[in-house]
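Undergrad: Heads up: the protein sequence lines correspond to chains A, B, C and D, in order. With this note's numbering applied, the first sequence corresponds to residues -2 to 249, in that order. With this note's numbering applied, the second sequence corresponds to residues -2 to 249, in that order. With this note's numbering applied, the third sequence corresponds to residues -2 to 249, in that order. With this note's numbering applied, the fourth sequence corresponds to residues -2 to 249, in that order.
Treat the hints as calculated values from the structure; they're not laboratory data. Small disclaimer: the values here were computed from a predicted structure and weren't measured. If a hint is listed, it holds; no wrong ones were tucked in.
Given that identical chains are not distinguished, each listed pair holds provided it fits within a single copy or across any two copies.
In silico DSS-like cross-links for lysine-lysine, where the CA-CA straight-line distance does not exceed 25 angstroms: (1) K206 x K44; (2) K209 x K179; (3) K183 x K44; (4) K49 x K11; (5) K130 x K71; (6) K137 x K114; (7) K137 x K127; (8) K44 x K179; (9) K0 x K114; (10) K17 x K94; (11) K0 x K183; (12) K114 x K17; (13) K118 x K130; (14) K183 x K11; (15) K94 x K114.
Protein chains: 4
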Amino acid sequence: MIKEGDTVQLSDGKNRFFLKVKKGEVFGTHRGNINHEDIIKAGFGGKVKTHKGHTFVILRPTLHDIIMFGIKRKTQIIYPKDSSYITLKLGITDGMKVLESGVGSGGLTIVMANAVKPSGKIYCFEKEEKYIKNAYENIKLAGLENYVEIKHQSLEEPLPENFFDAGFIDVREPWLYIENIKQSLKIGSPIGFLVPTTNQVTSTLESLKKHKFIDLEVVELLERHYKPVPERLRPEDRMVAHTGYLIFGRNS
Amino acid sequence: MIKEGDTVQLSDGKNRFFLKVKKGEVFGTHRGNINHEDIIKAGFGGKVKTHKGHTFVILRPTLHDIIMFGIKRKTQIIYPKDSSYITLKLGITDGMKVLESGVGSGGLTIVMANAVKPSGKIYCFEKEEKYIKNAYENIKLAGLENYVEIKHQSLEEPLPENFFDAGFIDVREPWLYIENIKQSLKIGSPIGFLVPTTNQVTSTLESLKKHKFIDLEVVELLERHYKPVPERLRPEDRMVAHTGYLIFGRNS
Amino acid sequence: MIKEGDTVQLSDGKNRFFLKVKKGEVFGTHRGNINHEDIIKAGFGGKVKTHKGHTFVILRPTLHDIIMFGIKRKTQIIYPKDSSYITLKLGITDGMKVLESGVGSGGLTIVMANAVKPSGKIYCFEKEEKYIKNAYENIKLAGLENYVEIKHQSLEEPLPENFFDAGFIDVREPWLYIENIKQSLKIGSPIGFLVPTTNQVTSTLESLKKHKFIDLEVVELLERHYKPVPERLRPEDRMVAHTGYLIFGRNS
Amino acid sequence: MIKEGDTVQLSDGKNRFFLKVKKGEVFGTHRGNINHEDIIKAGFGGKVKTHKGHTFVILRPTLHDIIMFGIKRKTQIIYPKDSSYITLKLGITDGMKVLESGVGSGGLTIVMANAVKPSGKIYCFEKEEKYIKNAYENIKLAGLENYVEIKHQSLEEPLPENFFDAGFIDVREPWLYIENIKQSLKIGSPIGFLVPTTNQVTSTLESLKKHKFIDLEVVELLERHYKPVPERLRPEDRMVAHTGYLIFGRNS
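Isolated chain A (complex conformation):
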């Protein structure tokens, strides 16, 4: 059930580790070492012991697990509540060619890449070289590197014409690049943006209106967690109050 190259999650209730399984290798934890072959033998849902006798359960990681606990963050990530909504809202599905910029830590890239497989691709344009290697490692951890192409390029530089089926832009001043983005999107293609401030929302909307994008929407999602105690059910004391404003439109 577990094949070489699969990503697995080891959990002991307190710690979670993510690794890609490879015969003959050994995975080290602070509670002892584990042979990859033991993981393959036990299978998803099975248990494995370290050489020190500590037990881990082997779980098939969800993309949510990988994004929240597996990837290395070198930037603010786009949270699952947003990345899943964006992917559905933009209609990302098998076979689509999707523009993304920047790649950041790859959290959204992973969700969208999983949605375009097997025949589509996410084209990421990232101007900061320092983020690219880390994002690529994260995408590989999710096993999705065949559906992503990362280019070290700013949105100021030429983009292919009339090429993309959808786009998502998470850069500081998206309004500077709307014209370039527009010519690279097919007519009717949906596009989205994430910006943290209201001033950026205003500037982005102005540019989208000027460039005849239609069906404009601005939305934010708030995620409220509860303590899962049946006899004392209540919201957590604190919550993430803001991750960003999402802006959507369609090229026309």
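Start from chain A and add chains B, C and D according to the hints.
TA: For chains B, C and D alone, coordinates are given in the frame of chain A:
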């Protein structure tokens, strides 16, 4: 670019129509009739005229469009903010066998079916026969009927043993069926629930704890829309304040 | 217990009426007429019958009741969640002289007037004559007319110098008047603003910074109601999502 | 302008100190000592220097300042967003006799005491002796000790009959005391509760229904702060997500 069998969206800025294209057929609107062949000729992003001269833009509908505007609702639907989050949180992906009950109007089914294609399947158990036909029509509109099997069956009846990779339950009293559900889930499989009241959250959590489900979480998502007016940016006056509490866990 | 001039609330579970009691008068409802003297005789918590035999309970109205159900609204009102918070945040208390502009329908005026009595006063500056009479009637209904002075005047016109202990401004372009407002506030006095759009927040903050106001804060309050059903406790389906952004600062 | 006995707030932009002014006394800070007489001389809005030359501005503290920054917390406090709303919702005003239990750290007591002055009183019933002294010190800091009476007593013990005009209950199991509370409230009097869990809401509502309280409501207030930066306006990253559910009703 548009093939027979594709679902297209016709939009004139005010009305949206969804149809599956079939050569030789005619689509009637209150603004006049349209030949399907004209739609195929114009392609996505193109324009088409009715026999009365009214113009519609032809758009590739996103799943979000189909769920919010295309499907017929015979029940309360699971909103895109929730269905996209559920799908990511449960790790629904290519090849998985997923338990769903009930099917309702098929809103969540569509999102999950799109995620398991091409080699997985959503198995829906719906005890109310009256919802099944409608749900099936909605799933067909989204072009996903090959990835869904709807059974007219309650969760009280036997479920296949150790069979499902994930599950999502949206019924009135989920705690009555946890034992049956548990034996049908593989070890380590994630499961989710949607219930509208806090009393149901309590009862579901109690049952999940009793049956040794782990990693329990309770969360709700709030969706706040803004008027997309750059010079007068502000939230909408009113919002949907509650769709349901989401409960997640893993079989252990 | 009920004296002439008191405001009482008549409730039959469905309808609420507010009236100021005056011996010899008769109050007409669609369920029949009631003698004011019967109300005085029954007292708060008592019951009274119309000449048609319909029963009303006599309640002492809270300011919340009066604002939400008693006053006539000619403008958007400031909701109790906001007016109570504003009053506490500005430290409105006995003896203070408070600047308010505009008066609107008097909802906030009523809450602040109740807080400055017996020796303080709310000075309202309202440029729209059409609102003044209505606001005054509403304030009289709450029995607070002795603690309010309404002037038909815009904030462009001279304000008394170094006079006010606190201020609250709810006008379209508050930033135009900050200089005039500043000279009329004592040093150290708190001031607040309500504006509906983010663009107005930005312009107001810019002006406050320019004029050396300190301790700036921006806050919004969201009010979520639940259906009060013990065995099916859940939030209401819809809620008011936005009433306005509150801005606070202190003159320095 | 500043009289002996007044509470003043000293602020240097980073630190806030609260003290009651008394001629001849000296107030010590980590930035040096200040003579109370210098404070009286400078007046509200004035400045005062420590013997080390550090400058503080002298501000008239709002009740909000005192509750958030001045009082010593020995318990979870009721936040101003809630205490101001409760006070308005219960119609607390001059002359009322108000039941409160427990007193906690006195945050709500202070707001309600300010509202009943000069002729009303808050009667606090607190079973934990350890909180009483601290609450009393806090209420004295706010200058409101003449309008509060704290009794070391549980809600199980007898309460005066048909005595209170309103009540607010913040104890762990309010449903145990509803009968005792009811007989002590005048007919028609509003009552409120704060409880942190949904299970407590359910039990409280059940008891209120059983004892014929009317006009039941359940509400929660969410307070969202923004960074007050005009050119980069955005919500704070994190917020308090839950302080408690508020329940309101009227004795009938």
